[in-house]
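Q: Let's have the full structure, built from the sequences with the hints guiding it.
2 protein chains.
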Amino acid sequence: MPDRIYNFSPGPATLPQEVLKQASKDIVNFNDKGIGLIELSHRSKEFMAVADEAESLVRELLEVPDNYKVLFLQGGASTQFAMIPMNLLGADQKGTYLNTGTWAKKAIKEANIIAQADVAYSSEDTTFNHVPAQGDYSVADDSEYLYFVTNNTIYGTQFKDMPVSDKMLIADMSSDILSRKIDISKFGIIFAGAQKNMGPAGVTVVIIREDLLDRAPETLPTMLRYKTHADKGSMFNTPPCFAIYCVGLVCKWVKANGGVEAMAKMDAEKAAILYDMIDSTDFYKGHAQQDSRSLMNVTFNLPSPELETQFIAEAAAQGLDGLKGHRSIGGCRASIYNAFPKQGVLDLVAFMQEFEKNNS
Amino acid sequence: MPDRIYNFSPGPATLPQEVLKQASKDIVNFNDKGIGLIELSHRSKEFMAVADEAESLVRELLEVPDNYKVLFLQGGASTQFAMIPMNLLGADQKGTYLNTGTWAKKAIKEANIIAQADVAYSSEDTTFNHVPAQGDYSVADDSEYLYFVTNNTIYGTQFKDMPVSDKMLIADMSSDILSRKIDISKFGIIFAGAQKNMGPAGVTVVIIREDLLDRAPETLPTMLRYKTHADKGSMFNTPPCFAIYCVGLVCKWVKANGGVEAMAKMDAEKAAILYDMIDSTDFYKGHAQQDSRSLMNVTFNLPSPELETQFIAEAAAQGLDGLKGHRSIGGCRASIYNAFPKQGVLDLVAFMQEFEKNNS
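Same order as they appear, the protein sequences are chains R and Y.
The opening position of the first sequence corresponds to residue 281 in this note's numbering, with each subsequent residue numbered one higher.
The opening position of the second sequence corresponds to residue 281 in this note's numbering, with each subsequent residue numbered one higher.
Read the hints as simulated data drawn from the structure, not as lab findings.
Here are the simulated lysine to any residue pairs, SDA-like style, with alpha carbons at most 25 Å apart:
hint	chain 1	residue 1	chain 2	residue 2
1	R	Lys507	R	Arg495
2	Y	Lys545	Y	Ala413
3	R	Lys325	Y	Lys301
4	R	Lys386	Y	Thr499
5	R	Lys389	Y	Thr499
6	R	Lys622	Y	Ser324
7	Y	Lys301	R	Val308
8	Y	Lys313	R	Gly599
9	R	Lys313	Y	Ala597
10	Y	Lys313	R	Ala596
A: Next up, the structure:
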C-alpha cells in the first residue's frame, strides 16, 4: 500500500493530513509540556484553551450569532434525535419532520416516543432519491419546529436551499456542516456528529438558540438538558477531549484554506467532476435526482450487482477505498467531504472510465 | 521541561507511554494501510477488529462472566447516573445508595428525578472522609439494588471490600476499574468512565447482566436503553472509535504487565510509599480515615492553605504536576492510577521531605 490511500468512507471519513500529523505529535507531548494531549485534565488551562479555541473557530467559520450557544456533546446525532423533543416538546406538542432518509426516520421515531412527529413529506416510496422543494409540503400551525436533514449520507441527496418556514428550523447537518454558508438565525438548533466533516467520531456539535435552553421539563435528567451543558461551557462533566481538540484542528485547517465559502466552491468542483462522468455514460447511473444531488456523497449504480462488487474490489486494490454503498440501497457511494482531495476524485473518474472500457 | 513530567491529575490522567506512542503512530497510518485510525469507518473490518479486541481484553482482564455484556457507551458516568434508574426502576420503585461523595450524590439526584433513591448511609457530615463498613447500613427489602462508588476520587476514599447484600450491586468504578479483582457475578451493572484507569475521556465501559436488558420501559428513547447497544455490539450508532481503540491499548498494556492482580500489587506498593510518608510526620495530614484510604487518589493537607499553594507550585516547577486538590475540599491530591510510575511517587516523597524541611 502507498503511504496514503484515497478513503471514500461516509464517516468516520478522511481528515486533512495536517490534522493527523499534528494530533500524532500532540498525543505524545502537547506543546512540549511533557504530557500527552489525552492525559491533560479537562480543567487544566492547557485543555481549556484548546476547547475555547475550538468553540471560537466554529463560531467564526459558521458566523454563529451571539444569542446562540455552541456545545460539544456526546452520544452522536442519534442522541440528539431524542434530546430535541425531550427539551422542546411537551407530550401533547408536535414537531414537523421531512422524511428524506434513514436518519430523518430515526429522528421521527424518537419524536414519537416522546411527543408527536408530524411527517409533512416523505420520499420513501422513491427510495429517498430526492428532497422536497419549497411548496411540496406545509407545516401545521400548531407545530413547534420544522426538522430536516440537510444532507442524506446514505442516499446522496442534499437540500440545495434550506427550507423556508415561519417556524424555527432544526437541522441535522452531520454530513455537510462546514461545507456551506448558512443563516443560523433561521434555526433553533443545528447539530452535527463530527465524524464526517468536522473531526473524528465521539463528539456532536450543537448550536442552539439561547431562549430554547429553558424549555426542558423538570423531569428531564441533568445530562439530557441542553441548559446543563450551556451553563458549564460543555464542561459539566468530562468532555470528549480528544474529539473536541480534533474539531479545533479541522476548523483551523478550514480557516487556513479559505473558510466555508472556499470549501463550498471546492466541494462543488469535486462533485461536478464526478457527476459529469456519471452523466456522460449509461454504464453508471446516479441514484439521486439531479436537483437533489449531494455534493458530499455521490451515489451511483453499475449495470449489475456483480459488476458493482467487482468495481468496489478493483478500486480498493488501486487505493480507492470505501466505495461500497450503504446496505440499505447497495450500489456505490463516493463520500467526498471537505478534506477529501480533488486528486482522489480525478483518480476515481479515471478508474471509472477504465473499468467501463474493460467491462461493457 | 523534560520530555515527560509526572502527571498526578485525577482524570483525564497519565496513560502508559507505550499506549501514547502506539496511538501517535496509528493516528497517521493504521497498520500501514495508508489510512489513519480515526479515519476508519466504524464498520470496516479493521475497526471492528479493534473494537472486538478491546471488548475481549476487558472480558479477560476482569473475568467477565458469559451472561454479562460489555458495552462501550458515550456520555460519561454522569449519563449512567440517569440510565441506571431509567432502565431498572419504575417511577414507584427504589434503589439504595451509599452517599460517599460528590459522584454518589449526583447519582442520587438523578435517581430521585426518575424514581426514588433510598440513601442508606452518608459520610457527608465528616467531609466524606470514610466509606461505611459492612453493618453500618441496611438495604430495604423493597429496594431493587445497592448502588455505591468503589473509589471516591475527590475525597481519596475507597471500599477495600465490596459491600455484601442479597440485592444486586451496582458500582461506579470509574476511578479504580482494572486495579482490583472483583467478583462480577454479585453485580447487576458496573460502569466506568475510561479517563482514569482505562484510557482517554470519551467512552464509558458498562458491564451489565443480560437479564437486565429487558427491563427498560417502552417510553425510553432508543439511545438510553442498554438493550439497544447490547443488541448491536455497541455499534447501534457511530461509537467513539478512538477512545475504544485506546481502551484496547491500555488493556493490552495491563495484560503485558501481569494483569489486574499485578496492577493491584503495584498500586498497593505505590500508595503505601506515600501514606507512610504522610504518617511519618505531622506536617502532612491525610484526609481519609486510615481504613478507607484510596490506593488511587491520596488526599492530604499541609499546615495552611498558603503552604499548600506554595507546595503545589514548587512541585509543578519540578515536573510533579496536577497535585491541587478538588475545589470542594482544597488541599492536595496525588492521583496514582495503574499507569502512574512508581518513580514518580518516589520523587514526590523526596520533594515532600525537602519541602517540609524548608518550611516547618
